[in-house]
Amino acid sequence: MMLFLSLFFVPSSLGLTGLLVYHLALLFNFKAGEFFMNKQDTHQIFTIKNEEDILLSSVTLDKIARKDSNVWIMNHFFINPQFNSQDLLEKQMQKVWQLAQETNLPILPLDPMIIDYFTQHPQFHKIWYHRPFNR
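No gaps in the numbering here: position 42 of the sequence shown is 203 in my numbering, and each next residue is one more.
Hints may contain errors.
Here are the simulated distance ranges between beta carbons [unchecked claim]:
1) Gln201 / Gln243: 16 to 22 Å
2) Ser246 / Gln201: 30 to 36 Å
3) Phe244 / Asn265: 29 to 35 Å
4) Gln247 / Ala226: 29 to 35 Å
5) Pro293 / Asn211: 33 to 39 Å
6) Gln243 / Thr264: 31 to 37 Å
Here are the computed lysine-lysine pairs in the DSS-like style, where the Cα-Cα straight-line distance is at most 30 Å [claimed, not checked]:
7) Lys256 / Lys224
8) Lys210 / Lys224
9) Lys287 / Lys228
10) Lys287 / Lys256
11) Lys210 / Lys256
12) Lys287 / Lys224
13) Lys287 / Lys252
14) Lys224 / Lys252
Calculated from the structure, these hints are not laboratory results.
Glycine included, C-beta positions come from ideal geometry on N, C-alpha and C.
Can you build the whole structure from these sequences, using the hints too?
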């Protein structure tokens, strides 16, 4: 099975309705497998679809300003339960890692599955914003 990876960045100036229209426009204007990156946008969506255009996985991140630094909040993670979740997780985490490295900003994961992934992969400790204390 061939997977397509796409990355969409949404201008933060759009309202909720604007975001919906923007996402629909992206779905109809971009072909599966295309890759776009604009590190200046504050809302990002990584999606993986198969050749039948079925959503296999998606991740959303929002850049926010904290007192000590800007940070990416990884606030949504979805994996289609009908497909190989570990493979999809690895592919998505590669994109998250790339984003953190290219923007030089840490990631704050909120999803328990992603927190477990960060815990089990020490290379993610250096991009983990406010990593919990380990005994």
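Please write out, lowest number first, the hints stated earlier that are contradicted by the structure. 1
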